[in-house]
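Novice: Between the sequences and the hints, there should be enough to build the whole structure, so can you do that?
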Amino acid sequence: MRKVLLLVVLGLAALSASAQKISTSAPSKYLQAVDEYRPAPGQFVNTLPKYEAGDNATTMAQKCTDAIANGKNGMITLGAYGGYVTFHFDHSIANVHGQRDFFIAGNGFEGSAEPGIVMVSKDINHNGIADDPWYEIAGSADLDSQKRPVFGYQITYTIDSLKDTPWTDNQGGKGVVARNMFHGQEYFPLWLQSPLTFQGTLLPNNAAKVDGIWKLKSYNYGYVDNQSNADTTACSFDIDWAVDPVSRDSVLLDYVDFVRVYTGLNQAAGWLGETSTEVCGAEDRHLDASVTTVQHHIDAVVDFEDIKLGTDSIMPLSEDDPEFSSKGFVFHYNYSPDWNYWSGFCVTGKHDTSFKDYHDQYNSCVGHGYAQSQNYAVVYPQGEEISVADGKKTISGFYVAANSYLQNAILTGDGMTPGAFTKGDWYRVDVIGMDGETKKDTVSYYLADYRSDNEADHYYVKDWTWLDLSALGDVTGITFHLSSSRTNSWGMTTPAYFLMDDFNGVYDGRSRKLAAITKNDAPTAISAVSVNRAQAHDGVAYNLAGQRVGKDYKGVVIRGGKKYVVK
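Letter by letter, the sequence shown follows residues 115 to 681 of our numbering.
It should be emphasised that the hints constitute simulated quantities derived from the structure, not laboratory data. Beta carbons are placed, not taken as given, at the ideal position from N, Cα and C, and that holds for glycine. It is possible that part of the hints are untrue.
[As the list claims (entries may be wrong)] With a straight-line Cα cutoff of 27 Å, these simulated DSS-like cross-link-like pairs (lysine-lysine) come out:
| no. | residue 1 | residue 2 |
| --- | --- | --- |
| 1 | LYS576 | LYS470 |
| 2 | LYS441 | LYS627 |
| 3 | LYS470 | LYS537 |
[To be verified] Between beta-carbon pairs, the in silico distance windows are:
| no. | residue 1 | residue 2 | range |
| --- | --- | --- | --- |
| 4 | LYS323 | THR161 | 25 to 31 Å |
| 5 | SER450 | THR138 | 42 to 48 Å |
| 6 | ALA140 | ALA167 | 34 to 40 Å |
| 7 | SER259 | THR161 | 29 to 35 Å |
| 8 | VAL360 | ASP471 | 28 to 34 Å |
| 9 | ILE243 | ALA403 | 22 to 28 Å |
| 10 | GLY424 | SER468 | 48 to 54 Å |
Specialist: In structure tokens, the structure reads:
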């Protein structure tokens, strides 16, 4: 069904940098700079690196950069639980399927593991600042530790100058970071304000006294300063291990821009003192693959991030110039402010997953773009084309998902055909390759398929799912046709939408991949319904009962053989 364009745009569209970055002509495998250094109190704090009177957060971060960036292999301390360092490379680190993606050096060795937890982030707002959502690289303690980690742990330290530093936590615990005879300086970071609070995952203690000697046992994998740097695999991290730090659900990331390490233990080991993660440097383990992948994305993949949108906003549409271009493709749409109507392609940055009414047609059932990205396209196709700007191209495919409107219709009903999808229902997209004005070939996919006798096989595209278009070969453009088992005398009643991201992208090897419909797999139900062309004259509109209505009528109407919503 055609739905209205909501002319509530909370931000202006403007050109923006590509989502992924390469900031130099000669990328380096080493971390480029430290963005933030915020250690917890500890016996090496204010010495690694050295604090001097007048230092602030900026100068201390620069001292960390001087120590550990660009392969210098110095050392910085993160102090007791929660203390952290944030850094970046001169390029986005690609998530290469089946490989560990980056290496972080500590100073661990057998019996002396001081594990630090790793966090990663994408610069989805493209401001070059580490202020976007963070995801935890889940290590082995999530799965094989005798004691379980404490998620959502929080600790607060308060300065008591040149004395033991007291702390309290949200588990009812309290204690001190104890001073010792070996380090006489202040243990609280002197450029930071007291009190100092950190929150994250608390790992189970790893310290034990064996034959009178304190041993700090290594975890199996997934932490900094946990194994000897000589074991590069053990000190390396796979972006595929990323999880939401609250829900612990796995998170798909195609690349990362920022890395953070924080001390993961709150324990003291006798004369060794507090457990404190140290960091000595970091490297991209597959520099060439990162550069190649990122450069291809910058050059060829339409991720819709080159249209900068304000928070929770949609792309303004133009009646006079109904198209937008990106990476050698032109996306066409129709827009009529008089009828408050649009069709074709519209870019949105909305991350709300709810559906109440037509206003929510721009919401995603996933809650974000592909791989946690900011923007994606809402597609409401009525014959509009994505055309190749110059000549012909083979389009690799794109990621597809349902908007919240389509999801609501599948799960609860569309308001005209009662009830949720049941056995036998389906929703299909035909992608038509064009050669000029000629239809060249078609590939088809079920975006929802409930035809199987086995309920476990029923699905709809509730997550970003790869749809391959390479079988179309070289085309001058593509168009879309949607059909469904849900119809009435006026046509399809299922909302005619889907979402698109990473157009002409690369299949990541991890996401669901739809299988194209074969001729033997085509549905037997009617996929299109003709309307009475006597009711299709320009300027004449009818309601769903077939009654002619005037221009002031509000609601669903049929005009020109197609459905509209007028408010």
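Novice: Can you tell me whether the CB distance of SER259 to THR161 sits inside 29 to 35 Å?
Specialist: Since SER259 and THR161 have Cβ atoms about 32 Å apart, the given range 29 to 35 Å holds.
Novice: Against the range 22 to 28 Å, how does the distance between the Cβ atoms of ILE243 and ALA403 compare: consistent or not?
Specialist: Holds - the Cβ-Cβ distance for ILE243 and ALA403, about 26 Å, lies within 22 to 28 Å.
Novice: Does LYS627 lie within 27 Å of LYS441 when you go C-alpha to C-alpha?
Specialist: Holds, at about 24 Å.
Novice: Does the structure keep LYS470 and LYS537 at a Cα separation of 27 Å or less?
Specialist: Distance of about 26 Å is within 27 Å: holds.
Novice: Taking 25 to 31 Å as the stated bounds, is the beta-carbon spacing between LYS323 and THR161 within them?
Specialist: Holds, since LYS323 and THR161 (Cβ atoms, about 27 Å apart) stay within the stated range.
Novice: Could you see if the CB distance from VAL360 to ASP471 stays within 28 to 34 Å?
Specialist: holds, 30 Å
Novice: Between LYS576 and LYS470, is the straight-line Cα distance small enough, at 27 Å or below?
Specialist: holds, 18 Å
Novice: Against the range 34 to 40 Å, how does the distance between the Cβ atoms of ALA140 and ALA167 compare: consistent or not?
Specialist: Holds, since ALA140 and ALA167 (Cβ atoms, about 38 Å apart) stay within the stated range.
Novice: Within 42 to 48 Å or not, the Cβ separation of SER450 and THR138?
Specialist: Since the Cβ atoms of SER450 and THR138 sit about 47 Å apart, the hinted range of 42 to 48 Å holds.
Novice: Mind checking the hinted window 48 to 54 Å against the Cβ distance between GLY424 and SER468?
Specialist: 19 Å Cβ-Cβ, so the 48 to 54 Å window is violated.
In terms of the numbered hints stated before, the structure departs from hint 10 and from no other.
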